[in-house]
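Novice: Sequence:
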Amino acid sequence: MASRLYSDCLVKIFGVLKDDHSSLHSCALVNHLWCQSAIPLLWEDPLDSKKLNGRNEKRKRYALVNTYITGLPQASHKVLIDQKIILPPVTRSPTFEYASYLRKLDLKCFFIAIQSWTEYSDKWSAKRTFTGGQIGLVIQELLRHLFLSSPRLLVLKVNVDKIGAIIVDILQNVPEARNCLASLKEFLYFAEHPTMEILFSQIAQLTGNIERFDLSIYGHTEQLINMLKAQKLFKELIINNRTNSPLGFKFWVDTDAGSVISKKASIVTYLEIENIFFPFEALSHFTSLVELNMFYCGSYNSHDWTPLSDVRLKKLKKISYKNRHSLYLESFGRFLGNAGINLSSITIRCCTICDPEQSYLLFTSIADNCQNLIHYDGPIGSDNASEFGQMLNACSQIETLCLHPSNKCCRLVENRIDFNPLLRKITIKQPWKMSKLTIIHGWKFTTDVFESFLQSRQRISKKISFYWNECEIIGNFDKVCLKYNKAGVLDKYQKLLKYD
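All the letters of the sequence shown, read from the start, carry residue numbers 1 to 500 under our numbering.
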């Protein structure tokens, strides 16, 4: 009993280290019990690129794949040898059944690991080059073994076309291999292949408990929608349209996807939509939403924007909206006002602002309702200094500001807009926690006002980083920056060549 308790404690402790392979590996070398507790964690996602990047990364991938190949059943070894694939010599049987610990499979990481394995093949195959067919066979036998050995895959990322097709073939022809998908919690699809519809159909039949979807839409989507229908409680949803008509394809409104997802939307906490026309009124269904990202979702007219004013997402903490087309600040401002006190990050990027004179409403809404704001990246008018000051007063937690002019064209630089009134307001209000200020697209300011701002930071002993692009700066700016950088006030400063 004591030994069992000890083992359970070790598993929990090692769980904290699961992303630190080096430390976890050291723990595995302490003794037999520690090894038994650490090895499953080391091998639940061994091919993750983030864990392998750095010194000898190719060698590490080679060793991992080699271990899996060593553990293949004799029947797989025979299949490979019959195709003249020379396998590395086996000096001893594997200590553990490593494939049984696999819980996360990223096919892109898997493919990179196979490439590393073939590059090191000259060490045991007399520099013999693998053919494409031979590599495909190695992938097939390894995946079959992994799917049959792992009792449950929690994460599956299908992001390589040909390997995705191999998985579909395995699931169709080896029924036992499907069992490992019954516990799937996260599914990523980024592979354009006709057989993917079969994969969606298989997943829909096997599990209804996927919590996170990351889907790339390429075309026919009937089985994909059926897969979504089968799920009981997905909490995170990412949909990216990758068809040839990124702004014209209305996946949400022209298929059953919108109605299917809306019925389950009340438990979704993370929503990200890219290159798909998404009707703002649909947001009213996402009452538990914590983070919302909308990227390049096409052109909305004033009628499309109106429903946003009435959407209330009281749990929302982060919103990011980026588009090349029309933005109506009045609707957005009212939406922010309805979001409430939990909102901590706001990003608004748009090349065309239809009502730039309404930018003041953004700041009055934030000041009245979003006192926990930490990050603001969005438009502001040069005549919004008063409302901006109200926001700085109300939002004492603000850490980063990225300000771009509120005008009809975001990159309009012919008539520079005076940033001095806003910079003076920051100097007076002096946000205590602010550590980064960025200004982009067509501002102008004078060095003396900027120096007054830095002096105020020096008085309260708070460092600041400053970034800018496409700005007109009057005065000896470099001299002032160098002076306050040496004084330890201006932590970093840089002109940005590009700001996404």
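One should not assume that every hint holds.
In silico lysine-lysine, DSSO-like type, Cα no more than 27 Å apart, as pairs [stated by the list, open to error]:
| hint | residue 1 | residue 2 |
| --- | --- | --- |
| 1 | K462 | K314 |
| 2 | K486 | K425 |
| 3 | K232 | K322 |
Per label pair, the in silico range of CB-to-CB distance [claimed, not checked]:
| hint | residue 1 | residue 2 | range |
| --- | --- | --- | --- |
| 4 | K436 | S309 | 26 to 36 Å |
| 5 | L33 | V253 | 52 to 62 Å |
| 6 | E176 | K229 | 24 to 34 Å |
| 7 | S26 | H77 | 48 to 58 Å |
| 8 | K462 | S26 | 31 to 41 Å |
| 9 | T129 | S266 | 17 to 27 Å |
| 10 | V253 | T67 | 44 to 54 Å |
| 11 | F96 | S49 | 21 to 31 Å |
| 12 | N293 | V253 | 28 to 38 Å |
| 13 | S259 | E97 | 38 to 48 Å |
Simulated from the structure, these hints should not be mistaken for laboratory data. For every residue, glycine included, the Cβ atom is placed at its ideal position computed from N, Cα and C.
Novice: List, from low to high, the hint numbers that the structure doesn't satisfy.
Specialist: 1, 3, 7, 9 and 12
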